[in-house]
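Asks: So the chains spell out like this:
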Amino acid sequence: MTIPQLLHTMCADLPDGDLNAIRKARGFSASETASRTSFASFYVTAVGVAENMAGLTPEEAITLGLLHETGEVAVAFFERLYGTGQPHGTYSQRYKSTFDAVKKNLVRCGLVVMSEAKTRSDNTLMERWRFALPPEFAPFLPPLPCTQNSSPGLENENALRKKLTQILGQNQDLNDSMPLALKSGSLYLKDQPFTLTAFHDWQLFAWNRALLTYQPNVPASLIPTTAALKLLDAQAWIKPTDIEPALKIYSFGGKIPPAEELLQSGWELGLLSRLEIDSVPHYRLAPVLAPAGLNAPPPASLDWADIASKPGSVKIDLRLIPLHDLDLLNTLTHLAIENGALYASLSLVKLGRALPAQRQAPLSLWLAEKVPAFGKTIATVNEKWGKTLIHETLLIARVRDLSLRVQLEREFRENIVVLDQHYVAFPPAWRAEVEKVLKKAGFVVKTVKA
Amino acid sequence: MQLQTLDPKDLTIFANERDILRDLYIYLDYIEQRGIKRMTRSNEIPKSDAIKIAKLLGDSELVKIAQESGGTAWGNLLDQLAHQLALIDYDTKGTYIGYSSSAPTFTDNYVTINKVGLKKFNALTPAAQEKKILENLLVHTARELEYYGVLSTLASLRTYDTHLDQVKFRAVRQFLLDLLKKCAPDVWYSTAALVAYLKTNHPYFLLPENLPAKNRWGSPMTRYKGIRETYDYSNEDEILEDAGNAFERVEGRYVERFLENIPLILRFVEVAYDPHVENNQLGLDQLKAFRVTARFLRLMSGKESTPKVTVQPNFEVVVESDFYPVGVIQKIGALGEQMSSPNSGHGAYIGIFQLKKAAVAAAQVKNPDLDVIALLKNLSGRDLPSNVQIELDEWAGHADQFTLYEGFALLESVNEVPEADEFTVERISPSLRLVRNSGQLFSMLEALGCVPLRVWHQTGELALIAETAVSLFPKESAADTAPLPARPVKVRRVVTVSYQFPDAEAFESIQKMLAELHCPFHVDSATRTVSLQQKEQDKFDEAVQHLQDSYAIEIE
Numbered sequence: 001m002t003i004p005q006l007l008h009t010m011c012a013d014l015p016d017g018d019l020n021a022i023r024k025a026r027g028f029s030a031s032e033t034a035s036r037t038s039f040a041s042f043y044v045t046a047v048g049v050a051e052n053m054a055g056l057t058p059e060e061a062i063t064l065g066l067l068h069e070t071g072e073v074a075v076a077f078f079e080r081l082y083g084t085g086q087p088h089g090t091y092s093q094r095y096k097s098t099f100d101a102v103k104k105n106l107v108r109c110g111l112v113v114m115s116e117a118k119t120r121s122d123n124t125l126m127e128r129w130r131f132a133l134p135p136e137f138a139p140f141l142p143p144l145p146c147t148q149n150s151s152p153g154l155e156n157e158n159a160l161r162k163k164l165t166q167i168l169g170q171n172q173d174l175n176d177s178m179p180l181a182l183k184s185g186s187l188y189l190k191d192q193p194f195t196l197t198a199f200h201d202w203q204l205f206a207w208n209r210a211l212l213t214y215q216p217n218v219p220a221s222l223i224p225t226t227a228a229l230k231l232l233d234a235q236a237w238i239k240p241t242d243i244e245p246a247l248k249i250y251s252f253g254g255k256i257p258p259a260e261e262l263l264q265s266g267w268e269l270g271l272l273s274r275l276e277i278d279s280v281p282h283y284r285l286a287p288v289l290a291p292a293g294l295n296a297p298p299p300a301s302l303d304w305a306d307i308a309s310k311p312g313s314v315k316i317d318l319r320l321i322p323l324h325d326l327d328l329l330n331t332l333t334h335l336a337i338e339n340g341a342l343y344a345s346l347s348l349v350k351l352g353r354a355l356p357a358q359r360q361a362p363l364s365l366w367l368a369e370k371v372p373a374f375g376k377t378i379a380t381v382n383e384k385w386g387k388t389l390i391h392e393t394l395l396i397a398r399v400r401d402l403s404l405r406v407q408l409e410r411e412f413r414e415n416i417v418v419l420d421q422h423y424v425a426f427p428p429a430w431r432a433e434v435e436k437v438l439k440k441a442g443f444v445v446k447t448v449k450a
Numbered sequence: 001m002q003l004q005t006l007d008p009k010d011l012t013i014f015a016n017e018r019d020i021l022r023d024l025y026i027y028l029d030y031i032e033q034r035g036i037k038r039m040t041r042s043n044e045i046p047k048s049d050a051i052k053i054a055k056l057l058g059d060s061e062l063v064k065i066a067q068e069s070g071g072t073a074w075g076n077l078l079d080q081l082a083h084q085l086a087l088i089d090y091d092t093k094g095t096y097i098g099y100s101s102s103a104p105t106f107t108d109n110y111v112t113i114n115k116v117g118l119k120k121f122n123a124l125t126p127a128a129q130e131k132k133i134l135e136n137l138l139v140h141t142a143r144e145l146e147y148y149g150v151l152s153t154l155a156s157l158r159t160y161d162t163h164l165d166q167v168k169f170r171a172v173r174q175f176l177l178d179l180l181k182k183c184a185p186d187v188w189y190s191t192a193a194l195v196a197y198l199k200t201n202h203p204y205f206l207l208p209e210n211l212p213a214k215n216r217w218g219s220p221m222t223r224y225k226g227i228r229e230t231y232d233y234s235n236e237d238e239i240l241e242d243a244g245n246a247f248e249r250v251e252g253r254y255v256e257r258f259l260e261n262i263p264l265i266l267r268f269v270e271v272a273y274d275p276h277v278e279n280n281q282l283g284l285d286q287l288k289a290f291r292v293t294a295r296f297l298r299l300m301s302g303k304e305s306t307p308k309v310t311v312q313p314n315f316e317v318v319v320e321s322d323f324y325p326v327g328v329i330q331k332i333g334a335l336g337e338q339m340s341s342p343n344s345g346h347g348a349y350i351g352i353f354q355l356k357k358a359a360v361a362a363a364q365v366k367n368p369d370l371d372v373i374a375l376l377k378n379l380s381g382r383d384l385p386s387n388v389q390i391e392l393d394e395w396a397g398h399a400d401q402f403t404l405y406e407g408f409a410l411l412e413s414v415n416e417v418p419e420a421d422e423f424t425v426e427r428i429s430p431s432l433r434l435v436r437n438s439g440q441l442f443s444m445l446e447a448l449g450c451v452p453l454r455v456w457h458q459t460g461e462l463a464l465i466a467e468t469a470v471s472l473f474p475k476e477s478a479a480d481t482a483p484l485p486a487r488p489v490k491v492r493r494v495v496t497v498s499y500q501f502p503d504a505e506a507f508e509s510i511q512k513m514l515a516e517l518h519c520p521f522h523v524d525s526a527t528r529t530v531s532l533q534q535k536e537q538d539k540f541d542e543a544v545q546h547l548q549d550s551y552a553i554e555i556e
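Those sequence lines, one after another, are chains A and B.
1 is the number of the first residue of the first sequence in our numbering; add one for each residue after it.
1 is the number of the first residue of the second sequence in our numbering; add one for each residue after it.
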C-alpha cells in the first residue's frame, strides 16, 4: 500500500471516536470531518501539525524521522519506542500494548496514518496493521540539536596512514579481512583494485569492526555506524549526548556502543571531523575523499615524491601522499617495494589502459616533466593510443545482398556501423529487430559461432 | 465367408476421421517443443495442455470436450500409445509420500521424448508403423464387453465372476480381424449376419468350448454365469446357455463392441447404428452394419507402397500415401507450408505443400549439404518443372546472403598487425579483422606495446569512441552534434491565481474552506500563499463569501 492509499483507507474506515480525537488534536472543525472523502485532503494540510509535533517526546520525534525514512511499517516497528507488553506469546499478545500506545500518542493526535493491509494471507489483524508518516509532515519534524561553528575542526589521518603502511609489510593485522597489498605491480584492497571508493568501504568496515557492531540478519541501515552517518551533518556539529537517543531508536535491536566511543572511533578512522566547543567534543562528517583534479596545472613540487633516489622511478612517502594521488599512481604506474619503500615506475600497459584525461592529469604532467622516462613513454602512448581497437560485445554480419544492406542501414541508422561493402556491426540487443527485417524481406540468418 | 449385405440408408453411419499415426506425431511434437508436466495427484495430462493438444489436432469437438472435462479420451489414447510404444518416458508408479497416503504422488513428473525409441519408430515404413500401433492395441486394449473404447457408444456389460478370464483376447481380436480381411471393401455388411456366421462356424471363438464346471471357490458355474444384461443387482437376468439367443446376447454383443473399438480407431471399418435406439442401452443388435475400408485391406495385404510425390509448376508439392508418411512430410514440410487440411479423412493421406523461399533458404542454412532440387527429384522420381528448378536454385543461394558472426570480436587497427593473424577468422578490410580469443589477443598486443584499446559495447547501443581514437565507430562528439529528432510536446496553458495572506489564522481558514468546497489548490506555508487555477475562481470567491463573518477580506 502506498501512503496516500493508507491515508484514504484510514479516513474511510476510522471509527467516529478516533476521527473526533484527530479532529480535536489537529484543530479541525466538525464540518471538516463531516465528509470522510474530503477529510483525507484536510488531514495532509499543515493545520495543527507543528503544534502536535512540538508536543512529542524527543524519542517519538526521532522515531517519526525514522518512520519517514522507512515508509510503511507494521506495529512491531514501534517496539523501539514503546516496548512490548510481554516478551512471549502470540504476535497480538506481544504488541497489544504497543499498538494502543501508537494509536493513542501518534494516530489519535493526527500525525501518523494507520490502516489494515488487505492481504490474502491468513495473518492476524494485529499483523496486518500498517503505519506511515505522511510525507507532507516531514518538514515539521524537529531536527537533532546541533551547533553551527565555522571552524574546520580537526581531522585524523593516523589510522589511514597506518593502513597505508601495510603496503610495506608493516602494521599487519591478521583480523583485517581487507588487507592492503601489492599484486603484480598494482595496489589491491583484498581482491579489488585500490580506489577511493574501495578505501571508503574499508573505513566503514574498520569502523564496524572496531566497535564490534556487525550483526547478521540486521538491515545495514540499522547498524549504529550507518545510523550515525545518516544522523550526522556535513556542516553542523553534534555532541555525542545529543545523538545518543537517536542511535538507540535507529539501531534498535542491535548492539549499540556509547555515542562518545562510536564517534571517537569514526574520527580516528578519518570518517568524522572533531571540534572542541566549550571543552566538549562535537562531531560532523569529514570531507568526502575526492578524486584528483584533472584540469589543474602541474604542481611545482610534490613533498611526498622523491625522484632522486632511483633513476626513472618515484619514491613515495606514504606518510604524506594524498589518497587521490595514490589512486592515480595505482592507475598509471607499476608499484613495487624496494628497500622498505614504495616506488612507482613506468608501466606501458597501465598507461595504455588509462584514460587520456588521466594521462593529462597534473600529476602525470609533473611526472612527464620531472622524470624523462615517464615523459617519453607518455608521449609514445599518446601517439599510439586509439589506433588499435578491439571491439567486444558486438554482432558482425556479412550481408551479400546490396538491397538488404541498404535496408538495414536505413532501418537502424545510428545502431549499425557499416564496416565494409559486405560487413556491418550492431549491438546484440538489435538482433531480433534485424531478424524481423530479414524475415520480411525473405532472407534467413546463417549463424557462425565462435 | 458370404455375409448378407445391408443398405445403410436408414442407419446412422459413423466413420473415424482421425488418423492415429498423424495425431501421434502431433502429440510427440508438442512434447518435444513445449513439454508436459503431469498432474501431481492423478498423473494425468493437465487441462491446459489437453486443450492445446486438442487445438493442434484441429478438431473443434475435441477442444470443446477438453475445455469441459479437462481432457479427451483420444488425447489419453495417444499418450498411452506413445508410452506403450516407448516413444516417451514418464513415471507411472509415483511415490507414497506419507504413511497415511492412499494413492501415489507424482512430483515433477515431466514427459520426455525417448530418443532411441523414437528413432527406431521413425525408421519404420508408414505401414509398419500402423502395424506396430495395431499390435499394441491388440495387446493393451481393455476387454470390450466390460470397458468403453475411445470411440464407443454402446454400453458395457456388468460382469462378476465370469469365464471371461479364460479368454485370450489378443487371439480373439486377431481372429476377428482375419475374418474382416475376407470382406469386400466398401460394402455394407449386416452385423447380425456376421454373428450368425460365427455362431454357425466358430461358436467358441470367444469363450472356449470346455470351461471349468466350478469357479475358484468351488461353486458351480455355467457358461455365461456372471454376465449381466441389466444394471439391477438381481440374478433374474442370468443368461442360460440353453436359451436360444444366448450366443447373440454375449458373443453378438462382443462383436458389436469389438467393431467400434480397434477397427474403428484405426479406420479399418465404418459402422452404422440403429438410429431408433438410444445410446448406452444394453439392447441387442444396435450396431447394425459395418464396412471394411480399402486401407485396412491394403495394410493386411502386406504390400508396401511408397508415398507418391508430385511437384507442380505452381510450386505446390502433392504427397499421396496409403498411410501417414511422416518421413516425407518432415522433409517437404521443412521446405514450405502445408496448404491442405491435415485431416485426411478415412481414405489415403493426401497433403499439399507450397514451397517457400524463406523455408528453402532456412533448410539450406540448417543443412549446408542439402540439395533441394535433388531431394525433390528423388522423392518425386522425375524431373522438376523447369520454372521450379530455376527458382529453387536462386532460393538456395539466399542461404548465405546474411551470415551472422556470434561471439567474435572486431579488431580495428590503423597499422598492419601481423601478430593478429593467428586469431583472425575473416579479414574484412586492411584495417578490420574478425578475431577470436580476443582476451588473449589483447594481452599479446599490450605486451608488444601496441597500446590496444578494448571497447565494450553495451548490449543495446554502441559505445562512443574517444575523440582521439581512429575508428569507424561513432565518436563521443557525435552525441553532442547529432541533432535529436524533435519530440512533439503538447503544452496546456494553465493560468494560476495566487493569494498571499498576511496572518496564519486567515491563511488556515481559507485552506479549510477551500477544501470543504472541494476546490483543488496548492499552498506555500512559508509565504502563506494559496494558489489555484483561474477556472476555480468562483470557488475561491465562494470561500471568501463564507468567511465574511470572521474576516473582511480585501484583495489588492
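These aren't lab readings, by the way, just hints derived from the structure by calculation.
All values derive from a computational prediction rather than experimental measurement.
C-beta: ideal position from N, C-alpha, C; glycine also.
Mixed in with the good hints there might be a few duds.
[To be verified] Computed Cβ-Cβ distance ranges for the label pairs, DEER-style: (1) A:356 <-> B:406: 52 to 58 Å; (2) A:157 <-> B:406: 36 to 42 Å; (3) A:90 <-> B:531: 34 to 40 Å.
[To be verified] List time: in silico DSSO-like cross-link candidates among lysine-lysine, alpha-carbon distance up to 27 Å: (4) A:310 <-> A:162; (5) B:366 <-> A:436; (6) B:357 <-> A:446; (7) A:440 <-> B:356; (8) A:449 <-> B:366.
Asks: Next, verify each hint and record whether it holds.
Replies: Against the structure, the hints come out as follows:
For the pair residue 356 of chain A and residue 406 of chain B, the supplied restraint of 52 to 58 Å is violated, since their beta-carbon distance comes to about 32 Å. As the Cβ distance of residue 157 of chain A to residue 406 of chain B is approximately 52 Å, the hint placing it in 36 to 42 Å is violated. In this structure, residue 90 of chain A and residue 531 of chain B break the distance hint of 34 to 40 Å, their C-beta atoms being roughly 51 Å apart. Restraint check: the Cα-Cα separation between residue 310 of chain A and residue 162 of chain A comes to about 25 Å, which is no more than 27 Å; the hinted pair holds.
With a C-alpha separation of about 19 Å, the suggested pair residue 366 of chain B and residue 436 of chain A falls inside the 27 Å cut-off, and the hint holds. With a C-alpha separation of about 15 Å, the suggested pairing of residue 357 of chain B with residue 446 of chain A holds against the 27 Å cut-off. Proximity of residue 440 of chain A to residue 356 of chain B is assessed by CA-CA distance (about 13 Å); at most 27 Å being required, the pair is judged to hold. For the proposed pair residue 449 of chain A and residue 366 of chain B, the alpha carbon gap of about 14 Å is at most 27 Å, so the pair holds.
The structure is inconsistent with the numbered hints 1, 2 and 3, although it conforms to all the rest.
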